[in-house]
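Trainee: This is what each chain is made of:
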Amino acid sequence: MTMQYEYLTDSSDRSLVPFFSPSVTAALFYGVLIVTGVLVVFWPWQDLPSFMGKQQSPLVFFQLSTAVLIIIAYVNLRCGRGEMVRTDYFKSYEGKPPRTFEQERNFFRYGLIGFLLHTLFLLLPFLPLLILATSLSGLSLRACAQACVLVFMTSLLCRVFGFVMYLLGGRASFFGYFFTRAFFVLVLFATAVLAPACNPILVLYGMNKTSQRIDVPIASHYIFSMAVTLIALLVFMLASQLLITYQRHKREKET
Amino acid sequence: MLLLLPLLMPVSALATTISMEYSLGFSGYFQLETWTPVTVVLENRGRAMRGTLEVLVTSGSEYIGDVHQTTYAMEVDLPYNAQRLCALTIRIASFTHELVIRLRDEEQILLSRSLNLRPHYTTTGFAVVVAENTSPDFLARLPQQLTPVNVRPRFLPDTWYGYQSVRMLITTADMLESLRERQFQALTYWLKQGGFLVISAGINYGALLEQRIQGLFPIQVMGHRQVTALRAFEEFCGYPLTSDDPFLVLQTAIPGSKVLIQDDQLPILTQKRVGRGKLLFLSLDPHLPPFSRWTHRPVFWDQVLAVGPSRDSRSIAVDEEAILKALVAAMPVSFPNVRVVLLFMGVYALLLYLLFRRIARHQEQPWRYGGYHLLIGIVLVSIASYGLFFSPQARRRLTYNSFLHLTVHHGMATGGSIIGLYATTATSYDVSVGAIPSPITHLRPPTSDSLSPNPYVLYETTAGQRVRGSAGQWTQSFFQVSTAQGFPLSGYVYRDEQGVQLVIDNQTPYTLVDCWGYVENRLVFLGDIAPHQSQRKHIASALLEQQPPFDQQAGELIAQQIEIPWGGSFLSSMQKALIEDILDAVREAYHSNDGQIALFGWIPSAMIPVEFSAAAIPGDDLTLVTWELPVVAETPP
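So the sequence lines, in the order shown, correspond to chains A and B.
If you use the numbering used here, the first sequence corresponds to residues 1 to 255, in order.
If you use the numbering used here, the second sequence corresponds to residues 1 to 637, in order.
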């Protein structure tokens, strides 16, 4: 039974990214510190009456959730491409665990489950900060949950894309490195100009301000953005599945 | 401006079975910037229906950009073949926009009428004659500085503040008897607060002996006396009232009154104080000869108006802007303490660091050596974040505070309460401001850029008035509620060898805390005044001599000395913010007055209850009471 959950604990170089690898835990810890720093920098030092006088809500929720989004999306991008495992060649030969039984599974039955769980795991440490930021901006827990779902889906998209780049070019590919970063910039920043309705950062801003975009109401803005993200996610998941299936058939033919 | 006919504008139904007739103001006229009665008569000849009657008043200027609508509403129940009279009191600040009166049910507007206000406004107060019919000649002889109107009893206001524009009201006892109970209560309330009521006699004086009139003024009637001339009028207004034929004058006696015109032991014009107002009783019928043909009636009525109640020229007025700013600064919602947040984050970061380090040392079994602890720790810290920060803020999504300033004169307290509503999230509210009808207006928030208020509707219900509105996210709304109520706080001051003795009789159920007295240009702290008792406060002569005359610097020092305790205190915050303005107002009003001593104190609770339909809306209330005590002779009475 333990074998079926090995992707949760496996720390070998055959694993893309184990849950508790030092690099991942370090990234999480520094990520929490960075977000805490963002909270301190953007703390509403003005008193509450001055916000009421201007009828403006503090943007702490937007600032904090954007920081969480950027950090987690980038970490997931690197996790998907396998950049977070140990890269020391010689260390990979030390203390190899004995291999008894290995089984190949398709992406949906193995990789996707791990991706889902790990993306959720990476989001969890930021939850207390998001709850605090939600209270400061006067939003509801529902808005916080919606923001968490948005961050989760966008991060998962980055992760799956990183995995596709890994399948296409491997861990050390320069083009894979370039395209993953380009994808990251495109999804999080370029869409703010090219396709504002899809941009997750603008959605978070709108949720904080509860202001409406001129062309798209905020509720449907969120739904539209999520729908686009989901479609892209499905496309890349399908691509991952096809690539893995292709590689399995290729290995079977060679053997 | 003379008005010839009462303006009743019947509007017939067009396509519905419901018809609407309405009457605006007094005989169709209203004074700008004052509260005005609107009477709507609805008749239903169809199936029973329930709806809402709304009167929409549009104020503001398109040029300034502050056009907004105030809606006054009441629920209406119209059974089959029934007629309902609905009385509302509205405030019209501008005649440029049409007044809209409409009846609606939940789905649609059933009836709507628009009224151009331009022909109906006046800038002067009214002299109201309450009668079914009054001759134009009678109205023409009333004081020219007022707008004389004839109003039928059913169209008199239902609220005391509906009489705001009335300077003098002339009527008879049987007209008063025909008023609805609410109307009579409103009239009585208005009278006690400084209204001026002139009641004249008639041939049938039976109505004077009815319980309602006797409760207003205990008049004793001894029958009629026949006279041919009343020379005493000459002393009052410079001209006698004579007649070729004899005429009847009612013989009356009113205990506790003052006779203004008396002819041969026969009181003709009697004055009685009722609260802060005055009631005059004229013992003859002014609609019959010889009075109705007397050429000097204008002089007489001018003189009558002159003896009316005077407005209190001296009062302690706290700047409204200062009150608003103080309320905003003391609003019962704030951000979490940044030190608590930093401590929380520091503990959380330390917990993560320790758990991650433990996991890093036990890579072979990370879940056993920290993984589950990490998950549990994150969940617990999230719950702590919710409990420490989110939940307190969520409970304060809508909060309020209120400040009432009461001025007490002759056992009556009048004043205005400013209620501030603060919303950190878009929400609606439904708040009651007590069972006694009170005029409610909105105020512009002190630091707001918005020129128009958040939308709201003023509802008249059987249980009192309600304000229903919606507040946007991070907005504040302010309402002012004027009030007048009995307040048994009195006393006197006298000087003896030891100093100044203050006898304060507080028969209210409230403790007045942190009281100050302005005595001989010195400010003296009096401490607390307990309820339901009379107490003495002694101020030694030595203390008064040592203390320099109160000035602005002393006021600043007093404000600096007020400390706000840890955790905040609404009383202390408001005291600190307003004490200088209050002291300046006291000094300005009583600086050179030796006949009265000004006092003020605080009641840390609400006298106008602010009740929300939604449970547990947190808020703070405070009342400032200002009153004066007369200085009497050295020996106590």
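Fair warning: there could be bad hints in the mix.
As the list claims (entries may be wrong) - Below are the DSSO-like pairs computed for lysine-lysine, each with C-alpha atoms no more than 30 angstroms apart in a straight line: (1) K209/A x K325/B; (2) K325/B x K272/B; (3) K54/A x K209/A; (4) K272/B x K258/B; (5) K576/B x K54/A; (6) K325/B x K537/B; (7) K54/A x K325/B; (8) K576/B x K537/B; (9) K325/B x K258/B.
Just so you know, the hints here were simulated from the structure itself, not pulled from any lab data.
Trainee: Now look at each hint and say whether the structure bears it out.
Mentor: Quick rundown of the hints versus the structure:
{"no.": "1", "hint": "K209/A x K325/B", "in the structure": "holds (25 angstroms)"}
{"no.": "2", "hint": "K325/B x K272/B", "in the structure": "violated (43 angstroms)"}
{"no.": "3", "hint": "K54/A x K209/A", "in the structure": "holds (13 angstroms)"}
{"no.": "4", "hint": "K272/B x K258/B", "in the structure": "holds (6 angstroms)"}
{"no.": "5", "hint": "K576/B x K54/A", "in the structure": "holds (25 angstroms)"}
{"no.": "6", "hint": "K325/B x K537/B", "in the structure": "violated (34 angstroms)"}
{"no.": "7", "hint": "K54/A x K325/B", "in the structure": "holds (14 angstroms)"}
{"no.": "8", "hint": "K576/B x K537/B", "in the structure": "holds (25 angstroms)"}
{"no.": "9", "hint": "K325/B x K258/B", "in the structure": "violated (47 angstroms)"}
The structure shown violates the earlier hints numbered 2, 6 and 9.
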